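Participant: Each chain, written out:
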Amino acid sequence: MSLIEITEVKKRFGDNEVLKGINIDVAPGEVIAIIGKSGSGKSTLLRCINGLETIDEGSISVAGAQLLPDELHLKALRLKVGMIFQGFNLFPHLTAGRNVMLSQMVVKKTPKAEAEGMAKKMLERVGLAHKFDAYPDQLSGGQQQRVAIARALAMQPIALLCDEITSALDPELVNEVLSVVKELASEGMTLLMVTHEMRFARDVCSRVVFMHQGRVHEIGPPEKVFANPATPELKQFLGVIH
Amino acid sequence: MNYAFDFGWLFDYWPVLVKGILITVELTLVGGILGVSLGIACAWARALGPRWLGAIVATYVELIRNTPFLIQLFFIFFGLPALGVRMGELEAANLAMVINLGAYGCEIIRAGIQATPRGQFEAGASLGMSRIQTFWYVVLVPALQRIWPALSSQIVIVMLGSAAVSQIAAEDLTFAANFIQSRSFRAFESYFVATLIYLALAIGLRQLLRGLGWTIFPRRAAR
Chain W
1 MSLIEITEVK
11 KRFGDNEVLK
21 GINIDVAPGE
31 VIAIIGKSGS
41 GKSTLLRCIN
51 GLETIDEGSI
61 SVAGAQLLPD
71 ELHLKALRLK
81 VGMIFQGFNL
91 FPHLTAGRNV
101 MLSQMVVKKT
111 PKAEAEGMAK
121 KMLERVGLAH
131 KFDAYPDQLS
141 GGQQQRVAIA
151 RALAMQPIAL
161 LCDEITSALD
171 PELVNEVLSV
181 VKELASEGMT
191 LLMVTHEMRF
201 ARDVCSRVVF
211 MHQGRVHEIG
221 PPEKVFANPA
231 TPELKQFLGV
241 IH
Chain L
1 MNYAFDFGWL
11 FDYWPVLVKG
21 ILITVELTLV
31 GGILGVSLGI
41 ACAWARALGP
51 RWLGAIVATY
61 VELIRNTPFL
71 IQLFFIFFGL
81 PALGVRMGEL
91 EAANLAMVIN
101 LGAYGCEIIR
111 AGIQATPRGQ
121 FEAGASLGMS
131 RIQTFWYVVL
141 VPALQRIWPA
151 LSSQIVIVML
161 GSAAVSQIAA
171 EDLTFAANFI
181 QSRSFRAFES
191 YFVATLIYLA
201 LAIGLRQLLR
211 GLGWTIFPRR
221 AAR
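These protein sequence lines are chains W and L, in that order. No gaps in the numbering here: position 1 of the first sequence is 1 in full-length UniProt numbering, and each next residue is one more. No gaps in the numbering here: position 121 of the second sequence is 121 in full-length UniProt numbering, and each next residue is one more.
Treat the hints with caution; some may be incorrect.
Which stretches of chain L does chain W cover? Using the computed rule of at least three CB atoms under 8 Å from a CB of chain W, they are [claimed, not checked]: (1) 125 to 134; (2) 137 to 148; (3) 209 to 219.
Computed footprint of chain L on chain W; a stretch qualifies when at least three of its residues, placed anywhere within it, have a C-beta under 8 Å from a C-beta of chain L [what the hints assert, rightly or not]: (4) 67 to 78; (5) 93 to 106; (6) 150 to 160.
Simulated from the structure, these hints should not be mistaken for laboratory data. Remember, predicted model here, so these are calculated numbers, not experimental data. Glycine is no exception: its CB is placed at the ideal position from the N, C-alpha and C atoms.
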């Protein structure tokens, strides 16, 4: 059974139809890279999956539960699907540890001591146990992004959405984040990532989705998509990238 | 100039002065704490709350910001009893200051909220927090940090503005100065001393607010 079912999803911003009928089924444990030019709708698709954007037509369901735009359903969905952003979006007034603890305590009503234990465990998982008391502005971009990953993981989601999570990083910091993601993938976490890291997509992902003008233009295992692109658009896109 | 300065007699009136200072301090504390709280609630309503509530708050804010504090005070103390709402001069003074700071504070704090990067709201939402939770735990503290200097100034302005409450016979520092002046006929000395005390109170309040800022906001403001 699919973990995430995206069926005929359409999304418009005013007159501009950004998603023109998207169908993707994601199996548990799959790691999916979504690639494409800017403006192709890949970030919008990801944001629709956890309800940061509402969809105009079609349906999205996660683990059998339909995505509905009221606060109760959204909360239930967001407990299952974590999201990591390009700009990290850590809370600047809280330490790394507090960043990871906050939503556990506020949303899940986890007792403080337990939340703290979980925060320590998750920060350790991303290699930042020693930064528990550091504030975001005392961390490098790569470290901030890893705290953001720990923060999402602490809610124990069944899938993670990664929206260009290395695009705001200096080149030398990209790998420390990708290696954390790689480890999550090997542990069986379901991942949907919008990414420009083609090599990472090729090495780690089970399937690659190429989006073009609001549609899934090509989809398949990385060896096929990268080695034998079927459409001129993908050929051109890969040509531009390399 | 043949006015003979004489401050010696002031000591006869020190209980009046002390009482005046205490009342001014009390008005400032209550007005500051409740006024800022009201300002936060109103700022939430205007920036993030339901539209109908935002409209009501906007009316309140504009009403207060476009009328004199003295008239607001008179309305509460002399006007409301006509509707059966009676209160003592201290209650009226406190209420007027809370309502006044609430309106000005609302606009200042709203600016801080609206400068919040969208990603902060999205991070809160993506972690399952409700809009109110995101506001309370994520948005509010950095928003206050952004506008803390402006809000501090407004609190000091309200403290100095509290001099107006002497007009409804609330026995604050200005009331004390007027009283001493009318008894001693030593206008210069009376108001000179009151001026010095207000100056000291204002500087002290600014330092207090600055220290409070350092405690509440341990990190420098985010860009």
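Participant: State whether the coverage of the segment 93 to 106 of chain W by chain L holds or is violated, taking the criterion as 3 or more residues with Cβ-Cβ distances under 8 Å.
Facilitator: holds (count 4)
Participant: Report holds or violated for chain W covering the segment 209 to 219 of chain L, Cβ cut-off 8 Å, minimum 3 residues.
Facilitator: holds (count 3)
Participant: Mind checking, does the segment 125 to 134 of chain L have 3 or more residues with a CB under 8 Å from chain W?
Facilitator: holds (count 8)
Participant: Confirm or reject the coverage of the segment 150 to 160 of chain W by chain L under the rule of 3 or more residues with a beta carbon closer than 8 Å to the chain's beta carbons.
Facilitator: holds (count 3)
Participant: Closer than 8 Å, Cβ to Cβ, for at least three residues: run that test on the segment 137 to 148 of chain L against chain W and report holds or violated.
Facilitator: holds (count 5)
Participant: Can you take a look at whether the segment 67 to 78 of chain W is actually covered by chain L? Rule is 3+ residues, C-beta closer than 8 Å.
Facilitator: With 4 residues closer than 8 Å to chain L, the segment 67 to 78 of chain W meets the three-residue bar; holds.
In summary, the structure agrees with every hint in the numbered list given earlier.
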